[in-house]
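A.B. asks: Protein chains in written order, with the working numbering: chain B, 1 to 553; chain H, 1 to 248; chain F, 1 to 378; chain E, 1 to 106.
Zero decoy hints are in this set.
What follows is a set of in silico ranges between Cβ atoms, one per label pair, in the way DEER data are often shown:
1) H:LYS207 x B:GLY143: 48 to 56 Å
2) H:GLY82 x F:LEU100: 53 to 61 Å
3) B:ALA74 x F:GLY186: 27 to 35 Å
4) E:ALA33 x H:GLU141: 25 to 33 Å
5) B:TYR320 x F:THR110: 19 to 27 Å
6) F:GLN304 x H:GLU141: 21 to 29 Å
7) F:GLU65 x B:LEU526: 35 to 43 Å
8) H:GLU137 x F:ILE297: 29 to 37 Å
9) B:ILE490 x F:GLY186: 50 to 58 Å
10) H:ARG108 x B:ILE130: 36 to 44 Å
11) B:LEU526 x H:ILE192: 41 to 49 Å
12) E:ALA33 x H:LYS207: 34 to 42 Å
13) F:GLY186 x B:ILE130: 49 to 57 Å
14) F:LEU79 x B:THR198: 19 to 27 Å
Since the hints were derived computationally from the structure, they do not count as laboratory data.
Every residue gets a Cβ at the ideal spot worked out from N, C-alpha and C, and that includes glycine.
What follows is each chain in one-letter form.
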Amino acid sequence: MSTIVRLPNQQDATLPKRSYLNSEYGLKSWLLTGDHKRIAILYLISITFFFFLGGAFAGLIRLELLTPMPDLVASDTYNKLFTMHGIIMVFLFLVPSVPATIGNFVLPIMLGARDLAFPKINLLSWYLYIVAGIFTVSALVLGGVDTGWTFTTPLSTHYLNTHVITAAMGVFIAGFSSIFTGLNFIVTTHRMRAPGMTWFRIPLFVWSHYAASILMVLGTPVLAITLVLVALERLFGIGVFDPSKGGDPLLFQHLFWFYSHPAVYIMILPGMGVISEVISTFSRKRVFGYTAVAFSSVAIAVFGFFVWAHHMFIMGVSNYSALVFSLLTMLVAVPSAIKIFNWAATLYKGSITFETPMLYAFGFMGLFTIGGLTGVFLGSLGMDIHLTETYFIVAHFHFVMVGGMLMAYLAGVHFWWPKITGRMYPEGLSKLAAVVTFIGFILTFFPQFILGYLGMPRRYHAYPPEFQVLNVLSTAGATVLGIGYLLPMIYMTWSLKYGAIAGSNPWQATGLEWQIQSPPPTENFLEIPVVDHEAYDYEWLANKTQHEVTTVG
Amino acid sequence: MDSQTVAIRQQAEIEHHEHEHPPYLRHHFETVEQQKEAVSFGMWLFLLTEIMFFGGLFMAYLLYRNWYYDAFVSASNTLGIGLGTTNTAVLILSSFTMAMGVYCAEMRNKRGLLISLSATILLGLVFLGIKTIEYHEKYTEHHIPGASFSIEDFTHPTDKRDVALAPDMAQHAQIFFFLYFAMTGMHALHMIIGISILFALLYKASKDAYTKGHTSTIDNFGLYWHFVDIVWIFLFPLLYLISRHPLH
Amino acid sequence: MHFFSPVLWQFLVKWLTEFALFPPQASAIAPYMDAFYFFLLLISLVGLVLVGLMVGTFSIMFRKEKNPQATHIEGSTLLEATWTIIPLALFMVCFVWGALLYFRIYNPPTNAMNIYIVGKQWMWKAEHPGGQHEINALHIPVDRDVQLTMISQDVFHSFSIPAFRVKREVIPGRYSTVWFRATQAGTYHLFCTQYCGTLHSAMIGDIVAMPPDDYRKWIAGSTSGQSLAQNGERLFASLGCNSCHSGTSGARGPNLAGIYRSKVTLEGGRTVTADDEFLRGSILNPTTHQMAGYAPIMPTYQGQVSEEGLIDLVEYIKGLDSNDRIHQTLNDSNFSPSQAGATGAAPNYRSEQLTGAKQLPDAKPDTSTSKGMGPSPQ
Amino acid sequence: MSHPTLEDAHAEPHIVGPKIYGLILLALLCLTALTTGIAFVNLGVFSPIVALAIATIKMVLVILFFMHVKYSSRLVKLTVGAGFFTFLVLITMTLSDYISRAWGLW
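In isolation and in its complexed conformation, chain B is listed as follows (with noise of 0.2 Å):
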């Protein structure tokens, strides 16, 4: 079995007459869409603005961390800086980034669905989650917060008086703002899938989409009632988790932990998806074992359940515990190394090339594997008495956030823009800035890991000069990052009005999204396909076109 590649030429591709974004106009058009595909575009700009919001704070505290003197800005502003850095990113950016926007678009496609099952709480998610943004952004404006985004208590219940409830309410109400995202998914795989797609057909991306909306459902309703008990213990004081009066923090950080360890899985499943497609696409084959892929993202999902704990080794939770998290941590950190072998496996015998995406890509799997492999680090108890609470830390999840998700997130918006938008983005420029991020990234984060086994503490707002060289660094990148990140902000806008047009498949990929014109029409498909071919399957796809070629002459 082989397949020649032929991508279509551009040249003869036309922008359908009738298309999503034409279809209705006006400000109201969109504001009260019900179509998933226009909600995506609302969750990308809104997106946008939080991730550079979030950037411009990270952006300050590497300018603060330049000199070893506390000489920018005042401690608490840097606290607050940090604090909101953190609950932007995690919170508006990381946790919604692919499952809202690229999930949001092409989910119910690769299904061959019409729309997401619960179109009108599709929109509703979306407006929870502005709503949490102004709640941020106002806890920012009325002068900040400064508990750092974990809330840890008893600091953040009775030893600050900064805007604590309104930051708390923000990510209580974004939280909801995911569960009915993930809500959503989950029905509509079970409920919205063509005829003939059964769950071996369908793609990778909807696997992990599906897996990490489960932990989306069951595990963010912790969270929220988490906050609510803050915000209680703050108002009131009841002690329920203030040791003076008889209760335990260490309560708060075990429900705090419940979620938000699985948000770690919830942040990285989707990018994985992304990572799948990309590669199988650019190597025209299947996935390198398709069913260990998929189920290695549902065992994330259950294993993700299980290891919270790991958070507070050196908190005074019982050793037996620990060591039982200890443990449980070591085996959620196995499915991750199946993917990532499988997809090195899947360009075995492929035929590459090297677009925009897939650069995007083959960075996702180097920073991946490095954070990855660092969280055993972490994971194994000795160690983490040394290097949790470093540097070390905000390296390794810095590698598996940034690294890992923005390089997927940043592959899957050039991989589906020219789906979304019908036009392409200029390909040199984008491949520069695939690089440029990638080195940005290393110089800004590596250092980091040493800086972390010398032992300077994260969260410091001053710090020992022997520390500054590697700081100095650090710094410098994030410079160049910053760069990498604003490259695609500018070419993607223009691309909008003077990009070529794609034509509805120009990378040749084989899910459903591609057999329909980009950008798509409002219900996606004039008749719902019937599917009789498996995910990644470019025999088909060939013998399809080709029948095309000959329908056509």
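Using the hints provided, position chains H, F and E relative to the given structure of chain B.
C.D. replies: Just chains H, F and E now, kept in the frame of chain B:
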């Protein structure tokens, strides 16, 4: 097209052929059946999140009950078991009337539907009324956590009721009452939401929206109402019953 | 002589002089930690290189120009099993190794000398048994097992000595311990690594490891007269503890002589070891530590005794081997509690010592402003 | 639906009649009375166990009949199961910490 495709096509045709388009069938669903299933499944997932939402509170309750058992016993003994039992019965009854409502909707029996919905509303309000009485009791007894909390009448959980509980332990009764108010309050909030939805349903039902074959709205609200009932079924023993007797 | 930007030049000099990959190996545990670290690094490197090689070589060998036709491969159970089992095995090795290290670090040897640490926003207070008090500094002898019994007065802090590779959360309302054995004399960083509010990054200090005789000199030089046990004794008397815990037959409170590290039976039949945590707990929450055979009449001292005061009491009770001291103090108990509480710390911290005593019960968000302007380490 | 599968979309709307509802209502009320009655008897460690057991029975009745799970597709059954499973994970894993803390320093 290979034979398999054809087969699937045909099967698809079969699924499509009874493809009537009633007004309540949303555009993106193929069949009424699909919509019904999707909606109820969605409702179930929502209830899942509700389980986890209350789960956090139950966790806190379990922990502190184990830590401050005596305080929980004496605090729990100040709750009116009679009112609690009545409320449980009322709520179960309302669950029954709700179930009957669903049944009537399926039977396309408008009058029955209206009656049972109103009955459900009534019982729900009764429940909230009794809860208000209990809350007021707590208020008068200064058992509302916070500044005005008094540890006067917490006695040592021996069977003779006069020995006052040691102050440091009595203070922890505050945690019990915090959890009591948090849990029952959260539950009451769900009741209030449910009742307000019920009014809307009642109105639409009177415009016979649910007695023309499209019952899933009623079905799913029923699920919600029964879930709220279940939460109470657990809150009742946890708060009123299991801590009445000291272990030693 | 530098012909380019002096800033860059300074940077280069800094780089060359101060560049380090590892903190100093100054404790007995450090070499073990580093060995484990290298093992983990090795695994990561192998994994990274493996993935890198696969991706790299495949991208070159099978790029479109060289290999225009993709060959379809469904997958290979054997291969997948391989890269499931091998990583799993490696991770298990990490788990076991890590666990061993963890228990080694968190289980102090019985003969270790004990120093008390109190963390508060934003300073570290060290209390040596001899009554020497330090702020944001800790003097310890080398080649001697040192155990720290730590507690926080307000929020979570974390006591971290990178050079010793040890770190432990300092928790409000509960003692936590960590131990180490310094091997090299020198001054090392002490960090608070758990975010604890505005001046978190200023909650730092110096660990001074000295040769034994220097240490003895220092101890002798910086004593504040009273040992912790002596302070505890005064406090014990002034709080009137001895009226019940007199140790005489028919006393209303249990006999405290030699109670430390002994097994005690609680009301309800549970048997526990009377460790520091238990002693502290029984002073603050007597009823939850009710010993069998005694009536629950002991009042709580929650909020009346500062953490330092509690440490003094605990240290005193730990040292009690007979009751005659108590009987003596029965006669000369003429201290006001405030004095006694204050004697818990060296005189120069008296002021915040007293506020510290009051902080815990009425800690509300609004009081945190005053804290923000409260005593700062510098 | 003799053999419900995960994807069994067609759980044909089995209509539960007032008779069953009445019976369930009766059972629930009796159980309530029972659990309240037992609460006055001191069973020591068993009183919470008994009370919670009764509560669980009541819950199962409500879920199976009032909420029609008995007649729903296996998917719904699985969903309910998943919910309670995760809830138990939260409780047990957290309590595992608190319980084992009492086992000594480590």
